[in-house]
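Student: Residues per chain are reported as follows:
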Amino acid sequence: MIQLYNVTKTYDNGVKALSDVTLRIHKGEFVFLVGPSGAGKSTLTKLLSREELPSRGQVILDGKSLIRMRPGEVPYLRRKIGMVFQDFRLLPQKTVFENVAFALEVIGASKKDIHKSVPKVLSMVGLPDKAGVFPNHLSGGEQQRVSIARALVNNPFLIIADEPTGNLDPETSWDLMKLLLDINLRGTTVIMATHACDIVDALKKRVLELTGGKLVRDEKEGAYRCEA
Amino acid sequence: MIQLYNVTKTYDNGVKALSDVTLRIHKGEFVFLVGPSGAGKSTLTKLLSREELPSRGQVILDGKSLIRMRPGEVPYLRRKIGMVFQDFRLLPQKTVFENVAFALEVIGASKKDIHKSVPKVLSMVGLPDKAGVFPNHLSGGEQQRVSIARALVNNPFLIIADEPTGNLDPETSWDLMKLLLDINLRGTTVIMATHACDIVDALKKRVLELTGGKLVRDEKEGAYRCEA
Amino acid sequence: MRLSTINYYFREAFQSVLRNSWLSVASIGVVAVSLLILGSSLLLVLNANSIAANLESSVEISLFLKEETSSDEIEALEKEIKAMPEVTEVKFVSKAQALEEMKKNFGDKQDILTGLEEKNPLPDALRIKTSVVDQVAPLAYQLESFDAVDQVRYGQGVVEKLLALSKWVRTAGLVTMVLLGIAAVFLIATTIRLSVFARRKEVGIMKMLGATNWFVRFPFLLEGMFLGLTGSLLAVVAVYYGYLSLIGSIELSLPFIQLISDRSLLVPLVESLLGLGLVIGVAGSMISLRKFLNT
Amino acid sequence: MRLSTINYYFREAFQSVLRNSWLSVASIGVVAVSLLILGSSLLLVLNANSIAANLESSVEISLFLKEETSSDEIEALEKEIKAMPEVTEVKFVSKAQALEEMKKNFGDKQDILTGLEEKNPLPDALRIKTSVVDQVAPLAYQLESFDAVDQVRYGQGVVEKLLALSKWVRTAGLVTMVLLGIAAVFLIATTIRLSVFARRKEVGIMKMLGATNWFVRFPFLLEGMFLGLTGSLLAVVAVYYGYLSLIGSIELSLPFIQLISDRSLLVPLVESLLGLGLVIGVAGSMISLRKFLNT
Ligand SMILES: Nc1ncnc2c1ncn2[C@@H]1O[C@H](COP(=O)(O)OP(=O)(O)OP(=O)(O)O)[C@@H](O)[C@H]1O
Ligand SMILES: Nc1ncnc2c1ncn2[C@@H]1O[C@H](COP(=O)(O)OP(=O)(O)OP(=O)(O)O)[C@@H](O)[C@H]1O
Ligand SMILES: [Mg+2]
Ligand SMILES: [Mg+2]
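Chains as they are written, first to last, in the working numbering: chain A, 1 to 228; chain B, 1001 to 1228; chain C, 2001 to 2295; chain D, 3001 to 3295.
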């Protein structure tokens, strides 16, 4: 479903964040993206949501080249991807409910659907009672969970989560992982960039490791090897 | 050095983030602050830097009541505290160098001192070559490390770090912990809110655990107990 | 477009107005102030124009007729002149009437003129008004060639001055209007851009969640429309009532100055100010957003 | 204050101007446009005032003397009137001179007046100018009581109209100026506030790092000063050269209108526009920051 061919990304200031990455991810896979800070994990996720374009190489998602895609098609691509951003990206002027609802509003969902789906997904991430609160009145972990809820709410066929447990305690992290595994079981592809070595080690899923922009490891049933 | 007496914090929207917390932290201690997401850890750190005032109770830092402190004294208090914020709070219009230098500029340090200290502390957090970059051109972990560098640069007598390793890989996290331990050994008090259970378990330092705003545990040589 | 989406647009726009209350007030204020200045100066220019036109229309050509002209000949001449397209009024003034007028002008020194009645030295005359003051001089030149005409006078000098002045007022007025219009648009566009700028991150986030450009734009557009319209409404109310009270106070203290007060002129002014507010609000948001939509 | 800190203030201010280039250009533009409008209307008002004053000063009182008045008496009267504080000029016009003038006014119809030389019916007269047009009517009333005076005339009606008009122009000008001044300050303050608003988070972060209010404020203040000054400089240049070219073009086409062009008036205008820009820049940043400094 996802194919990268010789992808290189050099940012405007000359930093080479990815170099010559080639990989293929199939529908329904659960993939961990690991690597040290600054290795290029977030850059890779940004290429998939077309937030950034590669400097060289080809990115193909669901049979379509993201490079040749017309600007008008991009929103429709993004609607099918549930993104959890490393920096959350919540809309500060909207309540938690409205933030999550926005992902549905974008696809023109009815009011009824919105009022059914949003509370459900907020319960799933453990925030049933924060619906009316504005994001900057939330704790870091709560903001992160809102961001996750928003990514899940419109049943995307691909979930890209960039360090979704960075601000969560171990217990809540595990609850979330169970949620993602569950969704993955129902056929959704999940790509998760993470530093949580214990989670990676425990789940034994496919692991892609980046270091300095290079893909240095691609293991089925891999591990982080915590005490690196 | 730090004393909290029956501190309760209720936010404007009615959320009780801390209830009746009493504790005492001595000079030179290394304290972990743990607890589930939304437990009140960040709120506690915000009370110490006087970003928030308690609704009830008394907060005393270095012999001074923060509640009765005049507004004009607050900046001088903050200069003695190195804060690592959960959301980094880097100045977007300034380069990495300038962001770190700002903490020195505030106290009127000379240009010479600034040009000596800043590169040193940037090397300490592993970012010697990112000095001229703007924060939004950094990866999440890099931003976090800049925030740590800024907290360390003016040799504060108290370091308050709010989840300083949330966006860092295990290896970088451990490098940072060694840095903090080193600084602590030289007499600086360190308070660190964290979810990194392996770090807490390994270091066997004092652990304060909050749950639902209540202080439920205070252990010398405590642990997180990872598989909670 | 789905009903739920339209619903969303309106909800979104009005929430944004309320939640960014400070920005909203600032934008409304700037639109109001700019259009207030524009509207007032428009009225000023219109009035200056109308006063100039009034003055112009009071300029007339005096045609002194030869002594021997018969009343038939005069009548024929009067008709011929009346038929000219640029002439709006022709009036015959006999030598007796002319003397009468002269006496009036002399006031209480009119005894100087006693004795002139018997041998009135003044000629018969035709007084001619033209539609536009430009035509006075060429018309006068043309009339001089008529047989019965002895002499043509039209206050040479004064007419030229008046003409130059009123042309000046008109061009200066137009230039001022255009400059103020540009300034108003600039001020308003800047404000709207600043307020969009303060929320540029939101736009980026929306785009990342799969919102189309129009989906992001529409609420901003409605918001801009609302702010622009509210601002221009304030300006219109202020201009309208301010102008009415001005007319009242001028009527009291300067009864000899006639300000424009007919509805056929004020209504289009009000309408175009409102329209301008609307257009500026919409165009301002559109242009300001463009920069942040290319993500 | 340490040298390094002062250094920091300036570096910070100019970096901010450059890095927020778009905000800077917008602020400068708004200051320039606002002061341009203000300055132009100030010049308009000043000129209207001066033209009105010119017209006023051309109003004079004619004192017709009794036939039997001797030249000694006339001389004494002239002296007495000259001594009055409100009188600026007294001129004797003999009956012969008066007739001469009248003939001139009649132009090529002066043959009407032939024969009047022998028995000149016009009286001797004194023509009096006053410093202010207000004093014409009371002075005329006072002069009427003099023995040698037969009749006093001063264009009743016209003077009153002129007086009312010029009073009007002055009040209206003042009101306009004040309103435009308020509008300019509002526009500029709004812009500066918006641009500070767009950076409110930075202010909060600085405070959290132990910056005193003044430490945060000072660079903003310098920045405001610079933006205000640059904007007003642009406005001043535009007003100044625009006005010079206006004078030139008016001299060509409307030589009878006299615009103010002396440096003693233009220099203070330029200075006060520059000062206003500076003050507004400083005050704008101070007021805008206040809201975000209470952290
Ligand atoms: N917008 C940008 N402009 C320039 N350089 C960038 C930009 N974003 C990231 N970089 C650089 O690209 C490299 C890879 O960044 P990326 O965000 O992909 O790292 P990461 O693997 O996500 O790291 P982390 O675990 O710290 O989040 C880093 O060196 C970073 O400094
Ligand atoms: N500014 C605020 N206004 C209102 N409520 C707030 C505010 N900040 C935090 N809260 C609430 O107070 C509670 C404690 O928040 P706090 O940020 O202290 O949690 P935390 O322990 O730091 O959690 P995390 O590990 O997720 O960062 C939470 O329920 C949160 O929603
Ligand atoms: Mg990242
Ligand atoms: Mg927290």
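I should point out that these hints are in silico values taken from the structure, not numbers from a laboratory. A couple of the hints might just be wrong.
[Claimed, not checked] Ranges between beta-carbon positions, derived for each pair: (1) S2145/C to L3044/D: 39 to 47 Å; (2) R56/A to M2177/C: 32 to 40 Å; (3) E73/A to R2002/C: 17 to 25 Å; (4) N136/A to S3249/D: 40 to 48 Å; (5) K178/A to T3005/D: 52 to 60 Å.
[As the list claims (entries may be wrong)] Listed below are several chain A residues computed to face chain B (Cβ distance under 10 Å; list not exhaustive): (6) G35; (7) F97; (8) Q144; (9) G222.
[Claimed, not checked] Subject to a maximum C-alpha distance of 30 Å in a straight line, what follows is the list of computed DSSO-like cross-link-like pairs (lysine-lysine): (10) K1094/B to K2291/C; (11) K1016/B to K120/A; (12) K3103/D to K2201/C; (13) K2095/C to K3103/D; (14) K220/A to K94/A; (15) K3201/D to K2103/C.
We treat Cβ as the ideally placed atom computed from N, Cα and C, and that holds for glycine.
Student: Would you mind marking each hint as holding or not holding in the structure?
Tutor: Each hint tested on the structure:
1. S2145/C to L3044/D: 39 to 47 Å: Cβ of S2145/C to Cβ of L3044/D: about 45 Å, so the range 39 to 47 Å holds.
2. R56/A to M2177/C: 32 to 40 Å: Violated: the Cβ-Cβ distance is about 56 Å, outside 32 to 40 Å.
3. E73/A to R2002/C: 17 to 25 Å: The hint (17 to 25 Å, Cβ to Cβ) holds, given that E73/A and R2002/C are roughly 20 Å apart.
4. N136/A to S3249/D: 40 to 48 Å: violated, 59 Å
5. K178/A to T3005/D: 52 to 60 Å: holds, 54 Å
6. G35: Holds - the Cβ of G35/A comes within 10 Å of chain B, reaching about 7 Å at its closest.
7. F97: Because about 14 Å separates F97/A from the closest Cβ in chain B, which is outside the 10 Å limit, the hint is violated.
8. Q144: At 8 Å from the nearest chain B Cβ, Q144/A passes the 10 Å test, so the hint holds.
9. G222: violated, 15 Å
10. K1094/B to K2291/C: holds, 22 Å
11. K1016/B to K120/A: holds, 25 Å
12. K3103/D to K2201/C: violated, 83 Å
13. K2095/C to K3103/D: OK: K2095/C and K3103/D at ~20 Å, within 30 Å.
14. K220/A to K94/A: violated, 41 Å
15. K3201/D to K2103/C: violated, 83 Å
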